[in-house]
Each structure stands twice: as C-alpha cells, then as structure tokens.
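Enquirer: Spelled out, the chains give:
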Amino acid sequence: DTAVSQTPKYLVTQMGNDKSIKCEQNLGHDTMYWYKQDSKKFLKIMFSYNNKELIINETVPNRFSPKSPDKAHLNLHINSLELGDSAVYFCASSQVAGADTQYFGPGTRLTVL
Amino acid sequence: GQNIDQPTEMTATEGAIVQINCTYQTSGFNGLFWYQQHAGEAPTFLSYNVLDGLEEKGRFSSFLSRSKGYSYLLLKELQMKDSASYLCAVKNYGQNFVFGPGTRLSVLP
Numbered sequence: 007d008t009a010v011s012q013t014p015k016y017l018v019t020q021m022g023n024d025k026s027i028k029c030e031q032n033l034g035h036d037t038m039y040w041y042k043q044d045s046k047k048f049l050k051i052m053f054s055y056n057n058k059e060l061i062i063n064e065t066v067p068n069r070f071s072p073k074s075p076d077k078a079h080l081n082l083h084i085n086s087l088e089l090g091d092s093a094v095y096f097c098a099s100s101q102v103a104g105a106d107t108q109y110f111g112p113g114t115r116l117t118v119l
Numbered sequence: 006g007q008n009i010d011q012p013t014e015m016t017a018t019e020g021a022i023v024q025i026n027c028t029y030q031t032s033g034f035n036g037l038f039w040y041q042q043h044a045g046e047a048p049t050f051l052s053y054n055v056l057d058g059l060e061e062k063g064r065f066s067s068f069l070s071r072s073k074g075y076s077y078l079l080l081k082e083l084q085m086k087d088s089a090s091y092l093c094a095v096k097n098y099g100q101n102f103v104f105g106p107g108t109r110l111s112v113l114p
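If you read the protein sequences in the order shown, they are chains A and B. As numbered in the working numbering, residues 7 to 119 make up the first sequence, in order. As numbered in the working numbering, residues 6 to 114 make up the second sequence, in order.
Warning: the hint list may mix true and false statements.
[As the list claims (entries may be wrong)] No farther apart than 30 Å at their CA atoms in a straight line, the calculated lysine-lysine pairs in the DSS-like style are these:
#1 B/LYS62 / A/LYS47
#2 A/LYS50 / B/LYS73
#3 A/LYS15 / A/LYS77
#4 B/LYS62 / A/LYS50
#5 B/LYS81 / A/LYS47
#6 B/LYS62 / A/LYS42
#7 A/LYS28 / A/LYS73
#8 B/LYS73 / A/LYS46
#9 A/LYS50 / B/LYS86
#10 A/LYS73 / A/LYS46
#11 A/LYS46 / B/LYS81
#12 A/LYS47 / B/LYS73
#13 A/LYS77 / A/LYS42
#14 A/LYS25 / A/LYS42
#15 B/LYS86 / A/LYS42
#16 B/LYS86 / A/LYS15
#17 B/LYS86 / A/LYS47
#18 A/LYS28 / A/LYS58
#19 A/LYS42 / A/LYS15
#20 A/LYS25 / A/LYS46
#21 B/LYS62 / B/LYS86
#22 A/LYS46 / B/LYS86
#23 A/LYS73 / A/LYS47
#24 A/LYS77 / A/LYS25
#25 A/LYS28 / A/LYS47
#26 A/LYS73 / A/LYS15
#27 A/LYS73 / A/LYS25
None of these hints come from the bench; they were simulated from the model.
Assemble the whole structure, with the sequences as input and the hints as a guide.
Expert: Written out as structure tokens, the structure reads:
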C-alpha cells in the first residue's frame, strides 16, 4: 500500500543511452512532481503536472521529457544521458497544486558511466 | 529570483534542544515548509508556516517571520533518530517550491 512508488530504485547506464523512470501514486492526488537531488543534496524541482497538464517546467534540458498518461502516473524519460545527469530523482505528489504537503517517493539513484 | 540559506551542518547532544535557522529571499511568498530527510531516504513533511508565529507539533516547532525572511525549526528532547538533514523550502504564488541546501544534524550520545 505504498503511497508514492518509483521504479527502478537504482539505474546504472552508459552515457548516450535513453532511460525512463516511472512513478505512481495511489493517494488520489491531482498534482505530481519530479525533483532532482544532486551530490551536494540540493533538491530542485524539475516538473509539475496537475491533472495530466504541465504547470511547472523549470530550466531543464529538453533531453528530459515527462509524460503523464493519467493523474496517478508521471514518468520521466531522459534521452542521450550525460555524466551530469547522475543524481537521485524523486517523484512527489500533493492533493492539489501548491498544497501544504508533498509526499515523496523513495527516489531513483541514477548513475551515468 | 529566490535564495534560501541554511547552516550546512550542526551537532547536538541527545536530550538537548537545537534550533535550525533558515533565511530566504523571494517574491510572492506563499508559505514555508520544513522537511526531514534521513540518509538515502525520501524527504518527509514536518511543518508548514504561512503566517507569522510559532507552530508546535510535539517535539518539533517551527517559527516564521515574514518581514525578516526568517524561519527556524526547533527540535526538543533530541533523540538519536533525529540525526538527518533538515530542508527548508519556500513556496511562491506561482506554486513553485524552492528548497534550501539542507542542514545535516548529527545527534551524539
């Protein structure tokens, strides 16, 4: 009965590859987010979707493309992976956009070799 | 733009009280959050302040002064399990969240 789940938990890949990370929430929330946490532990928002519509798109390379097939899922596809993409990626959800509380998934540790 | 500042590391003793400060500069302030993150785990919500004053939740309290762009998280009766990073985050009217760099707290026996 995990609230926000992500797969995979660990992802090791070569530079130049394309990979996807999946996120699902079973809380019935309307809004989902993707965050990147780098080696210095800075947590930065990348995207936010509300009811499958993109509402926040921070300065992120267009190699990153989020996709929301329904409001319970927000997947992140990354093309042409680079060394600097190595980080932990967290998915989160909240009841509505800008709500008090965001619930985070367990994170996906991406390592690009 | 937005800027959030927190001390990088703090150390305290089990049973003591510790105050973690957060200063911010932002336009269109619409709330401040504190999250706890244990090593290798996801952040978990601790508190939310949108009006000035103190919010108390058990051993944890959070204070906000909007005029000073300042908040603190107060942890009482520290326990070993409180060793974690504490992230301050600010929300603006564009519903965007900006997280601070986090403060790594070590609780010693």
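Enquirer: Determine for every hint whether it applies to the structure shown.
Expert: Hint check results:
With a C-alpha separation of about 26 Å, the suggested pairing of B/LYS62 with A/LYS47 holds against the 30 Å cut-off. Proposed proximity of A/LYS50 and B/LYS73 is supported: the alpha carbons are some 24 Å apart, at most 30 Å. Between the alpha carbons of A/LYS15 and A/LYS77 the distance comes to roughly 21 Å, so the proposed pair stays at or under 30 Å and holds. Among the hinted pairs, B/LYS62 with A/LYS50 is consistent with the structure: their alpha-carbon atoms are about 27 Å apart, no more than 30 Å.
Restraint check for B/LYS81 and A/LYS47: satisfied, since their Cα atoms lie roughly 25 Å apart, inside the 30 Å limit. Taking the CA atoms of B/LYS62 and A/LYS42, the gap is about 29 Å. The hint holds against a cut of 30 Å. At roughly 10 Å between alpha-carbon atoms, A/LYS28 and A/LYS73 fall within 30 Å of each other, so this suggested pair holds. For the hint pairing B/LYS73 with A/LYS46, the CA-to-CA distance comes to about 27 Å; that is within 30 Å, so the pair holds.
The hinted pair formed by A/LYS50 and B/LYS86 meets the criterion: a straight-line CA distance of about 26 Å does not exceed 30 Å. In summary, the hint linking A/LYS73 to A/LYS46 is supported, as the alpha carbons are separated by about 27 Å, within the 30 Å threshold. Between A/LYS46 and B/LYS81 the CA atoms are separated by roughly 27 Å; this keeps the pair inside 30 Å, and the hint holds. Between A/LYS47 and B/LYS73 the CA atoms are separated by roughly 26 Å; this keeps the pair inside 30 Å, and the hint holds.
A hinted pair counts as satisfied when its Cα atoms are at most 30 Å apart, and A/LYS77 with A/LYS42 qualifies at roughly 21 Å. Taken as a hint, the A/LYS25 and A/LYS42 pair is honoured in the structure, with Cα atoms around 15 Å apart against an allowance of 30 Å. In summary, the hint linking B/LYS86 to A/LYS42 is supported, as the alpha carbons are separated by about 25 Å, within the 30 Å threshold. With a C-alpha separation of about 24 Å, the suggested pair B/LYS86 and A/LYS15 falls inside the 30 Å cut-off, and the hint holds.
For the proposed pair B/LYS86 and A/LYS47, the alpha carbon gap of about 20 Å is at most 30 Å, so the pair holds. Under the criterion of a C-alpha separation no larger than 30 Å, the hint pairing A/LYS28 with A/LYS58 is consistent with the structure, at around 15 Å. Annotation: proposed proximity of A/LYS42 to A/LYS15 holds, straight-line Cα distance about 14 Å (limit 30 Å). For the proposed pair A/LYS25 and A/LYS46, the alpha carbon gap of about 23 Å is at most 30 Å, so the pair holds.
For the hint pairing B/LYS62 with B/LYS86, the CA-to-CA distance comes to about 17 Å; that is within 30 Å, so the pair holds. Taking the CA atoms of A/LYS46 and B/LYS86, the gap is near 22 Å; set against the 30 Å cutoff, the hint holds. For the suggested pair A/LYS73 and A/LYS47, the alpha carbons sit about 25 Å apart, so the restraint of at most 30 Å is met. As the CA atoms of A/LYS77 and A/LYS25 are separated by approximately 21 Å, the hinted pair is consistent with the 30 Å bound.
Simply put, A/LYS28 and A/LYS47 have alpha-carbon atoms about 22 Å apart, close enough for the 30 Å limit, and the pair holds. Taken as a hint, the A/LYS73 and A/LYS15 pair is honoured in the structure, with Cα atoms around 19 Å apart against an allowance of 30 Å. Of the supplied pair hints, the one linking A/LYS73 and A/LYS25 holds, its CA atoms being roughly 13 Å apart against a limit of 30 Å.
Hint violations for this structure: none, all hints satisfied.
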